[in-house]
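Given only the sequences and the hints, what does the whole structure look like? Please build it.
Protein sequences, first through last, are from chains A and B. When the letters of the first sequence are read in order and numbered with our numbering, they come out as residues 173 to 286. When the letters of the second sequence are read in order and numbered with our numbering, they come out as residues 380 to 493.
Note that these hints are calculated values from the structure, not bench results.
Lysine-lysine pairs mimicking DSS-like chemistry, simulated, CA-CA at most 27 Å apart:
no.: 1; chain 1: B; residue 1: Lys-441; chain 2: B; residue 2: Lys-394
no.: 2; chain 1: B; residue 1: Lys-390; chain 2: B; residue 2: Lys-441
no.: 3; chain 1: A; residue 1: Lys-233; chain 2: B; residue 2: Lys-423
no.: 4; chain 1: B; residue 1: Lys-423; chain 2: A; residue 2: Lys-240
no.: 5; chain 1: B; residue 1: Lys-423; chain 2: B; residue 2: Lys-390
no.: 6; chain 1: A; residue 1: Lys-221; chain 2: B; residue 2: Lys-423
no.: 7; chain 1: B; residue 1: Lys-462; chain 2: B; residue 2: Lys-394
no.: 8; chain 1: B; residue 1: Lys-462; chain 2: B; residue 2: Lys-423
Keep in mind the model is a prediction, meaning the values are calculated, not measured.
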Amino acid sequence: AQSVTQPDIHITVSEGASLELRCNYSYGATPYLFWYVQSPGQGLQLLLKYFSGDTLVQGIKGFEAEFKRSQSSFNLRKPSVHWSDAAEYFCAVVGSGSARQLTFGSGTQLTVLP
Amino acid sequence: EAGVAQSPRYKIIEKRQSVAFWCNPISGHATLYWYQQILGQGPKLLIQFQNNGVVDDSQLPKDRFSAERLKGVDSTLKIQPAKLEDSAVYLCASSLGGSNQPQHFGDGTRLSIL
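Structural data, given as structure tokens:
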């Protein structure tokens, strides 16, 4: 069965600083990978997704993520964080084969300092 | 396009009472999901529908939880009787279907059990 690990429970950065949120997955074949963001009291919004092809994917709100098969990682990055980026971020994986359930990591809470 | 609609937004009940949640997916989305998100965790899939048929309900506590999707559109999730550990946010999501299609989430129902 697939699994997702987000090793950082909480990250604090200053506004304008760069950001990297870590995500490691476990799955036997090439997975489909997603990053979602959740603001307080709201549902999850899709930031970006990776299915195949170029390992660097661009998403909304200036986010990007890089798929590294050798490290089983799909880290999310943003070069300059805005105060409105404060939220919880979830990495998720779904198997391309019979294991079709979307499995989420436990999330990383991002705090942005002024 | 209109997003996934859920109601109510908040619900407070006492343990052993029953409660029901409603979800209206995005028009044309064949696949509908119910997730349970406990505080501090990522969403966990409870049940997945394809049109009005159940695809996966392996993690649904069937002794107390039930769900239906009449006519392949709206869906309801019911808990009877509720336990303290059912306190969570219940998220509904929909997609066009297929594991490579992103899921679109509603804002969820926050359930508190007293």
